[in-house]
Amino acid sequence: MPHVKCLRCRECGSEYPIEPLNACEYCFGPLEVEYDYESIAKAVSRKSISNGPDTMWRYHDFLPVEKESAVDISTGFTPLIHAKNLGNQLGLDNLYIKNDSVNPTYSFKDRPVSVTTTKALEFEFEVLACVSTGNLMGSVAAHGAKAGMKTMVFYPADLEQGKIQGAAVYGPTMVAVTGNYDHANRFCSELADNHRWAFVNINMRPFYAEGSKTLGYEVAEQLGWKAPDHCVVPGASGELHTKIWKGLQEFNDLGLIENLKTKMHLAQPEGCSPIVGAFETGAGHVTPVRPETIAKSLAIGNPAAGPYSLEVLRETKGTGVSAEENTIIDGIRLLAETEGIFTETAGGVVISSLKKLVEHGKIKKDEVTVAYVTGNGLKTMEAMGDFVTPIETTPDYETFQTALAAFQKM
Amino acid sequence: MTTKRVRFTFPSELIKEPVIYKLGIDFEIVTNIRRADVRDSMGWVILELEGADDVIQKGLDWVSSTGVRVDPVGGDIIEG
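So the sequences go chain by chain: H and A.
Everything in the first sequence is counted per this note's numbering, starting at 1 for the first residue and increasing by one.
Everything in the second sequence is counted per this note's numbering, starting at 1 for the first residue and increasing by one.
It should be emphasised that the hints constitute simulated quantities derived from the structure, not laboratory data.
For clarity, every value in this text was computed on a predicted model and none was experimentally measured.
It is possible that some hints are incorrect.
[Unchecked claim] A short, non-exhaustive set of chain A residues, derived as facing chain H with CB atoms under 7 Å: (1) 5; (2) 13; (3) 16; (4) 17; (5) 32; (6) 33; (7) 42; (8) 46; (9) 52; (10) 54; (11) 58; (12) 60; (13) 72; (14) 75; (15) 78; (16) 80.
[Stated by the list, open to error] Just a sample of chain H residues kept apart from chain A, beta carbon distances all over 12 Å, derived: (17) 11; (18) 140; (19) 186; (20) 190; (21) 337; (22) 359.
From the three backbone atoms N, C-alpha and C, an ideal C-beta is built for every residue, glycine too.
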């Protein structure tokens with residue numbers, strides 16, 4: 001690990017060695033990986049990155065792992081699409097969709113999990129684990145399979161069958177935790193203290209979080225080594241928002257891009273918007289909420305990185321936006337009908353929030369805007385409800401023509 | 001004996017209540033505050049508790065019953 005210096009507490013600055021730790025012993029603040037940027041600067045250039053693999057591992061010098069050991073299932077370097085049709089509808093000339101729903105397990109989670117699994121092997125863990133309600137469990141199960149690790153996936157017992165099967169197919173040990181969301185949350189927090197397992201989003205959190213930086217690097221590279229004017233990012237724990245910004249900052253600090261002035265907007269569903277709520281009231285801290293949203297992948301009521309996401313919003317002059325619950329499906333359908341991209345509910349939150357940002361004059365027509373679509377729509381089919389009204393016909397021409405005419409009058 | 005790291009979030013109407021003091025006196029739990037931020041609208045305290053397993057659980061159940069929210073220090077860990 002030539003470019004990694006230590007872990008450092010985000011609150012009190014205490015320094016720790018590179019070990020599977022996630023909280024400061026003094027103030028219990030979260031730990032973050034600290035890099036030797038002089039060393040990275042000597043190792044990377046636009047050319048060296050461009051010559052790398054067509055995956056997130058082209059940025060290995062910015063990640064806290066040995067590149068030789070990468071557990072890679074071809075994650076990343078996903079398409080950045082110039083969304084002309086959606087842009088026309090919204091009044092934006094330079095709108096781009098970062099389509100991260102085409103990763104191997106169909107969500108951006110493959111990025112942090114790829115880094116974490118690699119690090120877990122370096123730490124010689126034998127068991128990879130997570131607690132999840134969807135995208136994360138599938139990604140952990142897939143990476144565990146690729147790495148040849150024993151994998152434990154914990155989930156609330158009332159989770160939808162589709163999500164359970166989507167993870168179970170990779171062969172992990174599935175653990176259904178009875179009780180509600182809070183019970184599973186607290187139980188797994190305690191479990192992580194008592195077993196030597198690599199819990200990707202608990203004791204491995206500092207390394208896990210770093211994987212999301214690659215969504216900042218990729219967008220800058222795909223825009224021709226330029227930062228966008230605006231990013232619209234879905235908000236759950238707030239970590240994705242802060243790490244995309246960290247990625248852009250690192251590129252800027254190393255001279256790979258210039259003139260970084262990106263406004264980092266955060267999109268949360270109205271039914272779970274603790275960070276946006278704090279932003280709107282000007283509060284200095286994030287008050288936890290009880291999630292009541294159809295955007296299950298964003299249903300984190302007590303976001304671990306909430307205060308840091310709030311800082312990024314204020315530092316970059318971004319805006320926190322909440323999408324009304326009844327506009328989330330509209331956002332999904334608008335993206336599908338204009339760009340042919342079917343996203344999950346979190347993507348619907350992003351598109352709905354993007355529309356509000358434009359309507360409120362926060363984004364101007366010619367500004368380069370990137371909306372992050374982080375998960376595939378097939379994962380949240382149940383949220384779509386019954387919206388299909390087909391033309392019903394018997395297999396004869398006359399009946400069909402009559403039915404078609406009636407349909408066209410509707 | 002066991003230790004547990006928790007975060008208490010106080011709504012505005014409970015900020016003046018000596019909840020942590022009572023937790024120590026009434027339940028004989030050792031409380032050790034590590035970080036806190038208290039404003040007029042709300043407040044949070046991150047602390048370590050030390051005591052018997054079942055006593056800590058009873059103490060936390062009581063804290064929750066007062067209207068103070070109890071969470072793991074690291075926030076919600078379940079992810080979608």
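Right, here's what the structure says about each hint:
no. : hint : result
1   : 5    : holds, 6 Å
2   : 13   : violated, 14 Å
3   : 16   : violated, 18 Å
4   : 17   : violated, 17 Å
5   : 32   : violated, 10 Å
6   : 33   : violated, 10 Å
7   : 42   : holds, 6 Å
8   : 46   : holds, 5 Å
9   : 52   : violated, 15 Å
10  : 54   : violated, 14 Å
11  : 58   : violated, 15 Å
12  : 60   : violated, 9 Å
13  : 72   : holds, 4 Å
14  : 75   : holds, 3 Å
15  : 78   : holds, 5 Å
16  : 80   : holds, 3 Å
17  : 11   : violated, 7 Å
18  : 140  : violated, 10 Å
19  : 186  : violated, 6 Å
20  : 190  : violated, 8 Å
21  : 337  : holds, 25 Å
22  : 359  : holds, 27 Å
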